[in-house]
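Heads up: the protein sequence lines correspond to chains A and B, in order.
For what it's worth, my numbering labels the leading residue of the first sequence as 1, then goes sequentially.
For what it's worth, my numbering labels the leading residue of the second sequence as 1, then goes sequentially.
Among the clues, some could well be false.
Ranges of calculated distance between the beta carbons of each label pair, as one might list FRET restraints [as the list claims (entries may be wrong)]: (1) A:T44 x B:V116: 51 to 57 Å; (2) A:D22 x B:V116: 45 to 51 Å; (3) B:V27 x A:T23: 43 to 49 Å; (4) A:T44 x B:D171: 33 to 39 Å; (5) A:G108 x B:R158: 34 to 40 Å.
Bear in mind the hints are in silico, worked out from the structure with no lab data behind them.
Backbone N, C-alpha and C fix where the C-beta goes; we use that ideal spot for every residue, glycine too.
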Amino acid sequence: MKKLLAVASAALALAALTGCVDTAGTVVTTDHETGQSIIVEDSTRVRDRVQLVDLKYDEFNGFKRAHFSVASTKLKRLYMDYRVVWFDASGRELDPQSRAYHTVILEGRDVTTITSVANRPTAVASKLRIRETRSMQ
Amino acid sequence: MKNMIYMPLLAFAGALTLITGCATTPVTREVTLDRQPRTASKLEAQDTRRAVEKMVEAMLQDIDIDELREDHPHLPARPVVDFFAVKNATSGHVDTKSFTDSLRVALLKSRKFRFVDRTRDTETIDEMRRQARGGLVDPDKAIAAGQQIAAQMQLMGRVMDDKTKVGRTTDVYYKFTLELLDMTSGEIVWADEHELRKETTRPIF
Numbered sequence: 001m002k003k004l005l006a007v008a009s010a011a012l013a014l015a016a017l018t019g020c021v022d023t024a025g026t027v028v029t030t031d032h033e034t035g036q037s038i039i040v041e042d043s044t045r046v047r048d049r050v051q052l053v054d055l056k057y058d059e060f061n062g063f064k065r066a067h068f069s070v071a072s073t074k075l076k077r078l079y080m081d082y083r084v085v086w087f088d089a090s091g092r093e094l095d096p097q098s099r100a101y102h103t104v105i106l107e108g109r110d111v112t113t114i115t116s117v118a119n120r121p122t123a124v125a126s127k128l129r130i131r132e133t134r135s136m137q
Numbered sequence: 001m002k003n004m005i006y007m008p009l010l011a012f013a014g015a016l017t018l019i020t021g022c023a024t025t026p027v028t029r030e031v032t033l034d035r036q037p038r039t040a041s042k043l044e045a046q047d048t049r050r051a052v053e054k055m056v057e058a059m060l061q062d063i064d065i066d067e068l069r070e071d072h073p074h075l076p077a078r079p080v081v082d083f084f085a086v087k088n089a090t091s092g093h094v095d096t097k098s099f100t101d102s103l104r105v106a107l108l109k110s111r112k113f114r115f116v117d118r119t120r121d122t123e124t125i126d127e128m129r130r131q132a133r134g135g136l137v138d139p140d141k142a143i144a145a146g147q148q149i150a151a152q153m154q155l156m157g158r159v160m161d162d163k164t165k166v167g168r169t170t171d172v173y174y175k176f177t178l179e180l181l182d183m184t185s186g187e188i189v190w191a192d193e194h195e196l197r198k199e200t201t202r203p204i205f
């Protein structure tokens, strides 16, 4: 009986703790003027699942564009969220409220390209953030 | 030894407190705008936010105004667009006014297009009449009729859904469509779609 209670309380405590999800992920910051990119992998779980394999940027129609190729290292289908925000020359984030998180579904060992276009001509830098879908709550 | 028996009970009570929380009054907090979808049967705020972002990106990527002007020389460098409210062709309620507004705001910020809103014409005419006849406004400074800019293009949108229900699972497919029409030639110069599919499975209990 004592053992059963201990197991039950441990399970409950674990259930309570799993509610606190980790929202950290991989962040790729690119300065489109200098071409400098910084990759910060804050979550080992995300790093072990998804890796940035290529990064390209260009300008079309007067707007900066960034293409991030991400590869799944797992055999199973992965559900990840990503968001790309843009910054002007002074480092101010452009439209922080209107940039939404999108879900990308990665098939096993597949590579997909995430493209983002700055909707303002003043944008000069981009920041991609990838995290696990379950951290959306 | 007797105390050892109460230890699991204490841990159990602690865990229960963690789960249920101690507050007796409702707690309101600000949450992220991108919450995980709660239901498939309804188009949620984050779905329209994503659709707006993707459709604006597609429009800015696909439409090269200089190239467009080669085939449509009557168009100015920043065409004037009349944006009709996005039509709701789904089986449920969708706030298409909000969706239309968000699209227009994002496109205005790009500075590629200029917009007119013909839905406000009645209020504008009333104000012009007040200025001309009310006696409060300097007659030389009152807005005269016949000066408004003409729209050269029309932007139209539609959102539709297709719902299927099998057992406890509801599968809904949504499609957003946008079309840009050159009013002079009547030609649809650009169109794009954004698709979304959501699934909800009801629990057994």
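Structure-based check of each hint:
1. A:T44 x B:V116: 51 to 57 Å: Hint holds: Cβ distance 53 Å, inside 51 to 57 Å.
2. A:D22 x B:V116: 45 to 51 Å: At roughly 48 Å between Cβ atoms, V116 of chain B and D22 of chain A fall inside 45 to 51 Å, so the hint holds.
3. B:V27 x A:T23: 43 to 49 Å: 20 Å, violated
4. A:T44 x B:D171: 33 to 39 Å: 35 Å, holds
5. A:G108 x B:R158: 34 to 40 Å: Cβ of G108 of chain A to Cβ of R158 of chain B: about 36 Å, so the range 34 to 40 Å holds.
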